[in-house]
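There are 2 protein chains.
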Amino acid sequence: MLSKIEEYLQKERGRHLEELKEFVGIPSISSSTAHRPDMKRAAEWLAAAMRKAGLEHVEVMQTDGHPVVYGDWLHAPGKPTALVYGHYDVQPPDPVDQWETPPFEPVIRDNKLYGRGATDDKAQLYVHVKTAEAFLQAGGGLPVNLKFCIEGEEEIGSPHLQPFLEAHREKMRADLIAISDGPMHSEDQPSICCGLRGMCALELTVRGAKTDLHSGLYGGGVANPATALVQLLSTMHDREGRVTVAGFYDKVHELPDAEKESLGRLTFDEDRLSRELGVPGLFGEKGYSFLERTSVRPTLEINGIYGGYQGEDIKTIIPSSATAKISCRLVDDQDPEEIMRRIQEHIAAHRPEGVTVEIKPMHGGKPYVISPGHPYIRAAESAYREGFGKPPVFIRSGGSIPIVQVFSGLLDAPVIMMDLGLPDENLHAPNEHFHLENFDRGVRTLCRFWQEISRQGFRQNRMCGDNGLPS
Amino acid sequence: MLSKIEEYLQKERGRHLEELKEFVGIPSISSSTAHRPDMKRAAEWLAAAMRKAGLEHVEVMQTDGHPVVYGDWLHAPGKPTALVYGHYDVQPPDPVDQWETPPFEPVIRDNKLYGRGATDDKAQLYVHVKTAEAFLQAGGGLPVNLKFCIEGEEEIGSPHLQPFLEAHREKMRADLIAISDGPMHSEDQPSICCGLRGMCALELTVRGAKTDLHSGLYGGGVANPATALVQLLSTMHDREGRVTVAGFYDKVHELPDAEKESLGRLTFDEDRLSRELGVPGLFGEKGYSFLERTSVRPTLEINGIYGGYQGEDIKTIIPSSATAKISCRLVDDQDPEEIMRRIQEHIAAHRPEGVTVEIKPMHGGKPYVISPGHPYIRAAESAYREGFGKPPVFIRSGGSIPIVQVFSGLLDAPVIMMDLGLPDENLHAPNEHFHLENFDRGVRTLCRFWQEISRQGFRQNRMCGDNGLPS
Chain A
1 MLSKIEEYLQ KERGRHLEEL KEFVGIPSIS SSTAHRPDMK RAAEWLAAAM
51 RKAGLEHVEV MQTDGHPVVY GDWLHAPGKP TALVYGHYDV QPPDPVDQWE
101 TPPFEPVIRD NKLYGRGATD DKAQLYVHVK TAEAFLQAGG GLPVNLKFCI
151 EGEEEIGSPH LQPFLEAHRE KMRADLIAIS DGPMHSEDQP SICCGLRGMC
201 ALELTVRGAK TDLHSGLYGG GVANPATALV QLLSTMHDRE GRVTVAGFYD
251 KVHELPDAEK ESLGRLTFDE DRLSRELGVP GLFGEKGYSF LERTSVRPTL
301 EINGIYGGYQ GEDIKTIIPS SATAKISCRL VDDQDPEEIM RRIQEHIAAH
351 RPEGVTVEIK PMHGGKPYVI SPGHPYIRAA ESAYREGFGK PPVFIRSGGS
401 IPIVQVFSGL LDAPVIMMDL GLPDENLHAP NEHFHLENFD RGVRTLCRFW
451 QEISRQGFRQ NRMCGDNGLP S
Chain B
1 MLSKIEEYLQ KERGRHLEEL KEFVGIPSIS SSTAHRPDMK RAAEWLAAAM
51 RKAGLEHVEV MQTDGHPVVY GDWLHAPGKP TALVYGHYDV QPPDPVDQWE
101 TPPFEPVIRD NKLYGRGATD DKAQLYVHVK TAEAFLQAGG GLPVNLKFCI
151 EGEEEIGSPH LQPFLEAHRE KMRADLIAIS DGPMHSEDQP SICCGLRGMC
201 ALELTVRGAK TDLHSGLYGG GVANPATALV QLLSTMHDRE GRVTVAGFYD
251 KVHELPDAEK ESLGRLTFDE DRLSRELGVP GLFGEKGYSF LERTSVRPTL
301 EINGIYGGYQ GEDIKTIIPS SATAKISCRL VDDQDPEEIM RRIQEHIAAH
351 RPEGVTVEIK PMHGGKPYVI SPGHPYIRAA ESAYREGFGK PPVFIRSGGS
401 IPIVQVFSGL LDAPVIMMDL GLPDENLHAP NEHFHLENFD RGVRTLCRFW
451 QEISRQGFRQ NRMCGDNGLP S
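Heads up: the protein sequence lines correspond to chains A and B, in order. Mapping the first sequence onto the numbering used here, position 24 (from 1) lands on 24, and the numbers just tick up by one. Mapping the second sequence onto the numbering used here, position 191 (from 1) lands on 191, and the numbers just tick up by one.
In isolation and in its complexed conformation, chain A is listed as follows:
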């Protein structure tokens, strides 16, 4: 049966990519109120694509924020039910002037599709839609029951997904959740992600006088909010990259020896990465490799800092305020709320004189880990081996998909991360793109994944209570 399906995919490839360009061309920036109409347009476009694929009950479902696009095909009685999660919203394109071609005018160069949202997450979720289409249009049906739940708020922390899932728990119920929203290890090495970092984000504002002040007349006489912010932020790391917020590492475990060895075996050229990134060298917490630091160790990063004059030349003022946007990546048992509390305590303990400090907690999400021995992970392993012609390695991703924990908690089902992106595809940065050979390998892998899940009937396994999550 797979040959007919692959023939179909081959024949329709040109149309599929044209459609994908249309999708990437919609500036569905969830964080921008100005792009609300584009968000609606993207949701409706996706619903139409799902209907065209042959999915049923397709619906743009309202939430208190941006809508969720739902669709299903439930005609495989006795077989497991899988729910595909993805997101049609994208990051803002700034700095726009660093894009080689406009972020929302997608183009294909060197078999790569360029455009904001190309890899994060439009092309990756689109591979799922096209896999379903191939089974339904050319294969007579899917080997499993399939549901799609594609949201529009992932890039702003999915504020309405949890209430949505709670309200529609029965409709969304599944034996597993499949997500393709991240990168594989490298172009030559497919990987299965068995862990994600959690997140805890906040905005920290230091305020001084009501207005900017002349630095000649007031300089030396009042606290400078930019200096106070700088001093406060400087207490949060030591000079070797370790976070110095008290209690920050309390719930972080050392990596099990087997996983540490497996990570260590991955070929990884640190010098080459430095050159590619344009940095004088890699840097971070002493005693851990780059791969460890970016996947199994937590971080506290300044994502943005601003206050005072930013124009040409100099403006001799004392800024009235200065702000930092901060987000932490969390691992193991670090809890976003507890880390937020720790940071608040740290700030209280280091509060600078002569200014006021305002903390605005933002979205958070718990870390997630699944055992490489879980049966669905083994099915994915076999599917990747065939789809990519190479056995995948097991890694943990440094990124966060906070809703992974929400899904596994609310639906009591394991989340299988079927990443199809690559790490150098500039997600969240200018010139984001997606390698189109992974579009082809992706549909092949997913075809086999659904067949494997269907064939082995893991559904019963899950009923025994082993969902593969660590205690």
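Among the hints, erroneous ones may be present.
In this list, chains with the same sequence are indistinguishable; a pair is considered to hold if it fits within one copy or across any two.
To be verified - Below are the BS3-like pairs computed for lysine-lysine, each with C-alpha atoms no more than 25 Å apart in a straight line:
no., residue 1, residue 2
1, K112, K171
2, K210, K286
3, K210, K112
4, K390, K260
5, K286, K260
6, K21, K52
7, K251, K286
8, K11, K360
9, K112, K21
10, K171, K40
11, K52, K40
What the hints contain is simulated information worked out from the structure, not anything from laboratory work. Model, not experiment: these values are computed from the prediction.
Assemble chain B onto chain A, guided by the hints.
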């Protein structure tokens, strides 16, 4: 004679203020290339106003930057020649949304003129033009020889004034330089400024990767330029507001006891100032009063800081760079070039790992001090006493007019600062304004100042070599 002159000023007051509003309405922002045509317009407007006043040889003189407006009246043989310096350029109006009325649509409210550049320096220099006009139109001539040299680059550090003065040294030669470009002590207390802080400014940029990076995939693995900048800047002050750059205070002297006592006698309500500014308390170097910290002590201020994401919500990136704009206010024998070198050495000694650091030195200027016993200062004292009905106090200003040192050095003449502004007039900030009662007191004071200078014939005194400058 003064009665006829004052009658003229009274009669023409309405017209004079209307003209001043026109002048303040021109957005002559020297730091902005977009406002180049407005700079030209402001210079031409001023030249026309000088001609109308009766000044001769009025000329818009080209430089390699914005032009200088010159005019003179040289028909007082045997009398001293004074050169009036001022600037027709203004600071950028940002943040524009904090202005109650648009910055370049001047209005008068409560006898105050609101608009960018009102007090810094358009109204103050305009008082000089109107004083000359009154003498020339109603008094039959000026009691001294008078030259005007009004530049358009003060707010960007006067990069072309020194070469201009060198090229036109003979034309600009004078026995004294008069400048009104600062604030008096307070509304009830006129003052004469006998010192200015110098300046040393730079832009400090920390660079990491070529583009912003995803903080999940790279976070922990590379240095964050914002964090590196923060750590570097945090080494420049201790927690009590003292600058910790090695050698920074080497050429700073303790204030002579007499001046310290005089400063201490000035009534100054620190709590009231805190409330007015909206800060929880004043703050600065331990062991010095607010007035000392803002006039006779040096500073290092962050005027602006920026890097990474500044929009709504959060964007989970590691910024590719982060920048701080820094300026120091210098006192006594601190030399801008030496301080720049000290800062560069400090940065080299604290250079963070994993990033590159770029220092862009910007404009500087030496501090300036003149003795309260100088004969021209005594003439100014007497003029203020009559113009304001109260004896002035001697202070030092915390601000910088780098060209003061240039003038006193190049023209070998003392600079007399005849400040007519007030400290709470929001210069360099939103809602800048000028108290119009000081327009009236200002012309009265200047009328008497020129008469006093003329009457006492200080010209000869200066020829004896005593120019009142400290050694």
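Practice problem: Report the numbers of all earlier hints that the structure fails to satisfy, in ascending order. | Solution: 1, 8
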